[in-house]
Amino acid sequence: MEPIMIEGTPKTPTVKFDSGEGIFEIKGRSIPENSVEFYKPLVDWLESYKESPLDKTTVNIRLEYFNTSSSKCILDVFKKLEAIHKAKNEVEVNWYYEEDDEDMLEAGEDYESIIRVPFKMIEITD
Amino acid sequence: MSFNIENYFSDQPKDNIILHYKGNVDSDVINHILDSVEEKLVAVDEHPKLRKKVYNVLVESLQNLYHHVDKVPDDYEDQIDKYGLLVVRRIEGGYKIVTGNFVQTENKEKLEEKIKRINRSSHEEIKELYKFILNHQRISAKGGGGLGLVDIARKTGNKLGYEFVGYDDNYSFFYLDILVTEEKEN
Numbered sequence: 001m002e003p004i005m006i007e008g009t010p011k012t013p014t015v016k017f018d019s020g021e022g023i024f025e026i027k028g029r030s031i032p033e034n035s036v037e038f039y040k041p042l043v044d045w046l047e048s049y050k051e052s053p054l055d056k057t058t059v060n061i062r063l064e065y066f067n068t069s070s071s072k073c074i075l076d077v078f079k080k081l082e083a084i085h086k087a088k089n090e091v092e093v094n095w096y097y098e099e100d101d102e103d104m105l106e107a108g109e110d111y112e113s114i115i116r117v118p119f120k121m122i123e124i125t126d
Numbered sequence: 001m002s003f004n005i006e007n008y009f010s011d012q013p014k015d016n017i018i019l020h021y022k023g024n025v026d027s028d029v030i031n032h033i034l035d036s037v038e039e040k041l042v043a044v045d046e047h048p049k050l051r052k053k054v055y056n057v058l059v060e061s062l063q064n065l066y067h068h069v070d071k072v073p074d075d076y077e078d079q080i081d082k083y084g085l086l087v088v089r090r091i092e093g094g095y096k097i098v099t100g101n102f103v104q105t106e107n108k109e110k111l112e113e114k115i116k117r118i119n120r121s122s123h124e125e126i127k128e129l130y131k132f133i134l135n136h137q138r139i140s141a142k143g144g145g146g147l148g149l150v151d152i153a154r155k156t157g158n159k160l161g162y163e164f165v166g167y168d169d170n171y172s173f174f175y176l177d178i179l180v181t182e183e184k185e186n
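Chains Y and S, in that order, are what the protein sequence lines are.
Under the numbering used here, read the first sequence as residues 1 to 126, first letter to last.
Under the numbering used here, read the second sequence as residues 1 to 186, first letter to last.
Do not take every clue at face value.
Said to hold, decoys possible - Pair ranges (Cβ atoms, derived): (1) Y:43 <-> S:182: 48 to 58 Å; (2) S:19 <-> Y:51: 25 to 35 Å; (3) Y:88 <-> S:135: 18 to 28 Å; (4) Y:113 <-> S:108: 46 to 56 Å; (5) S:127 <-> Y:99: 20 to 30 Å; (6) Y:41 <-> S:13: 46 to 56 Å; (7) Y:48 <-> S:93: 28 to 38 Å.
To be clear, the hints were calculated from the coordinates, so they are not data collected in a lab.
These numbers were taken from a predicted model, which means no experiment stands behind them.
In this text, a Cβ means the ideal position worked out from N, Cα and C, and glycines have one as well.
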């Protein structure tokens, strides 16, 4: 599978999905008006990856901001990961949040309570 | 008394205005406003926690306008597609963000019900409501997720202030009044 490499913009995150390494990363700001347009290719890619995933997939989410429209799309990403996990593959989500950013921590906990995949909450301290 | 949006502004205190905008709320305008407010808050060395909350609330309130504004009345002076207004003001202990837009009478009741429901909910109930909508509601044809107001209430921890000012039989002008305040120590 061709990896996905997307450079971040002020409104959309940097994305690196590499099926060779099994490490997926979404980083930066995700506040586009039309989030479906941005996330649909990622969700489709994960749908293909689901067919033959690595034994272990690590997902790093390191967002500074995301809007509510992205929050639904991010849930769609997690639902694909949940399906991979359900098919007896190891999946781990590392949810990063900046020191003191309780809103971002709570957002991670929301997903953790909805999605049956192990989450690790990691505080970023400078 | 004639309808005049400027009257609303002239009744507001003039001091500590961070930003004041009236006009089309398209994607470029949103970018510009977000950059400008963020720069100003960084320049005054605002606490990161409060700065992030203001930014988040601003994103949601502007994108609410972007996705949901009704078309302006046919006889209104500014015939703009996505007509909205925004004021960001520094206040004691935080920031006040006011948005305004036209709402058709048929959509007014639904919007008011939504706000009332949010305002009578506890913080815990708002969290649950957010999760429920996140998990059960699809993104609408307009592109909104139906989560904007809930998110604003959740992040600020404050009640949503609002007012509908009658324009004519078919339209009201809707003001949303949001307080983003520093959190109190427990």
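These are the hints, each one checked on the structure:
Taken as a hint, the range 48 to 58 Å is violated for the pair residue 43 (chain Y) and residue 182 (chain S), whose Cβ atoms sit roughly 38 Å apart. Checked against the hint of 25 to 35 Å, the C-beta distance between residue 19 (chain S) and residue 51 (chain Y) comes to roughly 49 Å, which is inconsistent with it. Taking the beta carbon of each, residue 88 (chain Y) and residue 135 (chain S) are about 24 Å apart, inside 18 to 28 Å as hinted. Taking the beta carbon of each, residue 113 (chain Y) and residue 108 (chain S) are about 35 Å apart, not inside 46 to 56 Å as hinted.
Look at residue 127 (chain S) against residue 99 (chain Y): about 22 Å separates their beta carbons, and that is inside 20 to 30 Å. Distance hint check for residue 41 (chain Y) and residue 13 (chain S): the Cβ-Cβ separation is about 47 Å, which falls inside the suggested range of 46 to 56 Å. Against the hinted window of 28 to 38 Å, the Cβ-Cβ separation of residue 48 (chain Y) and residue 93 (chain S) comes to about 51 Å, which falls outside the hint.
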